[in-house]
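K.L.:
The chain contents come next:
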Amino acid sequence: MEQTTSLVQIKGIRDGLLATFIDAAWDDQCLALLAQIDERPAFFQGARLAMDVGSQVLKVNNLVDLRDRLSERNVSLWAVIGESPTTENTSQLLGLATRISKPRPEEQRHDVITDDTALFINKTLRSGKRVEFPGHVVVVGDVNAGAEIIADGNVIVWGRVRGMIHAGAKGNRSATICALDLSATQLRIATEVSAMLKPQKDPKPEVASINSEGHLQAELWRAG
Amino acid sequence: MTAQVITVTSGKGGVGKTTAVANLATALAADGRKVVCIDGDIGLRNLDVIMGLENRIVYDIVDVIEGRCKLKQAMIRDKHYPDMYLIPAAQTRDKNAVSPSDMIRICNDLRADTDFIIIDSPAGIERGFRNAIAAADRVLVVTNPEVSAVRDADRVVGILEAEEKGTPFLILNRLNPTLVRNNDMLSAEDVLDLLGIKLIGVVPEDESVIIGSNRGAPVVTDPKSRAGQAFRNIAKRIQGQDVPFMDLEQQSGLWGAIQKLTGRK
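Going down the list, the protein sequences come from chains D and V. All residue numbers for the first sequence refer to the numbering used here, where the first residue is 1 and numbers rise by one. All residue numbers for the second sequence refer to the numbering used here, where the first residue is 225 and numbers rise by one.
There could be a bad hint or two in this list.
Said to hold, decoys possible - Within a straight-line C-alpha distance of at most 30 Å, the following computed DSBU-like cross-link-like pairs (lysine-lysine) qualify:
| # | chain 1 | residue 1 | chain 2 | residue 2 |
| --- | --- | --- | --- | --- |
| 1 | V | 422 | D | 123 |
| 2 | D | 123 | V | 236 |
| 3 | D | 170 | D | 123 |
| 4 | V | 389 | D | 123 |
Stated by the list, open to error - Here are some chain V residues the structure puts well away from chain D; computed CB gaps all over 10 Å:
| # | residue |
| --- | --- |
| 5 | 278 |
| 6 | 283 |
| 7 | 297 |
| 8 | 303 |
| 9 | 337 |
| 10 | 464 |
Stated by the list, open to error - Label-pair restraints from in silico Cβ distances:
| # | chain 1 | residue 1 | chain 2 | residue 2 | range |
| --- | --- | --- | --- | --- | --- |
| 11 | V | 403 | D | 215 | 56 to 64 Å |
| 12 | D | 76 | V | 256 | 52 to 60 Å |
| 13 | D | 214 | V | 467 | 57 to 65 Å |
| 14 | V | 463 | D | 97 | 39 to 47 Å |
| 15 | V | 332 | D | 115 | 51 to 59 Å |
| 16 | V | 237 | D | 95 | 50 to 58 Å |
| 17 | V | 294 | D | 76 | 53 to 61 Å |
| 18 | D | 170 | V | 292 | 53 to 61 Å |
| 19 | V | 226 | D | 95 | 31 to 39 Å |
| 20 | V | 467 | D | 14 | 50 to 58 Å |
| 21 | D | 57 | V | 280 | 30 to 38 Å |
| 22 | D | 59 | V | 386 | 47 to 55 Å |
Keep in mind the hints are simulated off the structure, nothing from the lab. For glycine and all other residues, C-beta sits at the position ideal for the given N, C-alpha and C.
Please put together the full structure from these sequences, using the hints given.
P.N.:
As structure tokens, then:
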């Protein structure tokens, strides 16, 4: 149930119908909306309508007029979303909602996660950022203090690690964490937790893994 | 004229946001600019005290938003600079009395005949912070050379980037060159290395800042103060002038490092 004309796009959302206006004069937009409703009166009968008016600046009489004309057609206007504070004010004055819960786009990550799937992050993770992924995670950038990565597989950071990293989060004890500079506040692999690693004067690439005694340890990375 | 809206924020409290706002506004006004400061810290207002205007407050920003007065009536003229105004925060309300769209509307109403609108953000990353950054064209993040302050600044930079407010500029406040030399304090280089944003000024630790704040006379008006000089330089950089960074230390180490880091784009 999606229909497009040049000025108004109407689609179904969880809370009813959402009309999105393309930039044009307000009067033309109203006419386009009403024309669409008049084309298929049965479909719109008794509908709850929300409008996204973009940057349109609307005064009380603009909205009252449209609301009346909509209710003549048995369509009830319940929400107006707009960027302009004036419009927001007007809507609030008229007792209309100014926010709707937009349907969340389905996360694309739930496709197929195999053992070889990795999430590639090409930027620094700042404090407060949390990344959870059911595969491997590769970061080109730093993981700053206060950032967290939780991965079911391995974690590789081409940069400095100062935040918290948990590899093998679902219990994979053979997971590893590699970084150019591993001065993390805390590292975890499966159920093992390491205390803070000392920041090094002259950082070298390191690999953290669970050793034969069952402890989490970091050692210098060696080629071959 | 179309004003530039500058928001000063930090994440952590007590790093010198309000002091920076008062000093930068005063420096800009001294350069002949028309400046309006807005105290965004509803419920915990301080900017009026530091600017020495607390006994002149009749109306505040919440009065404007709720229609009890005109915007002009809430603008308090500074004692020394006739082209500098303060819109004070309400002390008896909280952050929810203001919405981001209120801030955008007030700034838009001011833009036409102002050069700079400087908004003092409250500490934290909640509603008050979001109000303060809503209208910003440019954001200045203030931090101290302390691990906790830098970490909070990092969080704020992350939020600003996520909200597409652009990469903010950094003011490193209260740097003590002696402690840095003895490796007892993070250097400007360390902080920039951690945050990865552009520096707009380093303000040295200077007790005349506190004296000025308590007297309601921002330190920037004191020609002998090092911190005052640093704030004057930041104000020049805000106006688009290329001012070299102050030599906080006679040694070339820190100076060279700052120059190297800021030259790198």
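K.L.:
Determine for every hint whether it applies to the structure shown.
P.N.:
Verification of the hints:
{"no.": "1", "hint": "V:422 - D:123", "in the structure": "holds (17 Å)"}
{"no.": "2", "hint": "D:123 - V:236", "in the structure": "holds (24 Å)"}
{"no.": "3", "hint": "D:170 - D:123", "in the structure": "holds (25 Å)"}
{"no.": "4", "hint": "V:389 - D:123", "in the structure": "holds (17 Å)"}
{"no.": "5", "hint": "278", "in the structure": "holds (29 Å)"}
{"no.": "6", "hint": "283", "in the structure": "holds (20 Å)"}
{"no.": "7", "hint": "297", "in the structure": "holds (20 Å)"}
{"no.": "8", "hint": "303", "in the structure": "holds (33 Å)"}
{"no.": "9", "hint": "337", "in the structure": "holds (20 Å)"}
{"no.": "10", "hint": "464", "in the structure": "holds (28 Å)"}
{"no.": "11", "hint": "V:403 - D:215: 56 to 64 Å", "in the structure": "violated (38 Å)"}
{"no.": "12", "hint": "D:76 - V:256: 52 to 60 Å", "in the structure": "holds (56 Å)"}
{"no.": "13", "hint": "D:214 - V:467: 57 to 65 Å", "in the structure": "holds (59 Å)"}
{"no.": "14", "hint": "V:463 - D:97: 39 to 47 Å", "in the structure": "holds (43 Å)"}
{"no.": "15", "hint": "V:332 - D:115: 51 to 59 Å", "in the structure": "holds (54 Å)"}
{"no.": "16", "hint": "V:237 - D:95: 50 to 58 Å", "in the structure": "violated (38 Å)"}
{"no.": "17", "hint": "V:294 - D:76: 53 to 61 Å", "in the structure": "violated (37 Å)"}
{"no.": "18", "hint": "D:170 - V:292: 53 to 61 Å", "in the structure": "holds (58 Å)"}
{"no.": "19", "hint": "V:226 - D:95: 31 to 39 Å", "in the structure": "holds (36 Å)"}
{"no.": "20", "hint": "V:467 - D:14: 50 to 58 Å", "in the structure": "holds (55 Å)"}
{"no.": "21", "hint": "D:57 - V:280: 30 to 38 Å", "in the structure": "holds (35 Å)"}
{"no.": "22", "hint": "D:59 - V:386: 47 to 55 Å", "in the structure": "violated (34 Å)"}
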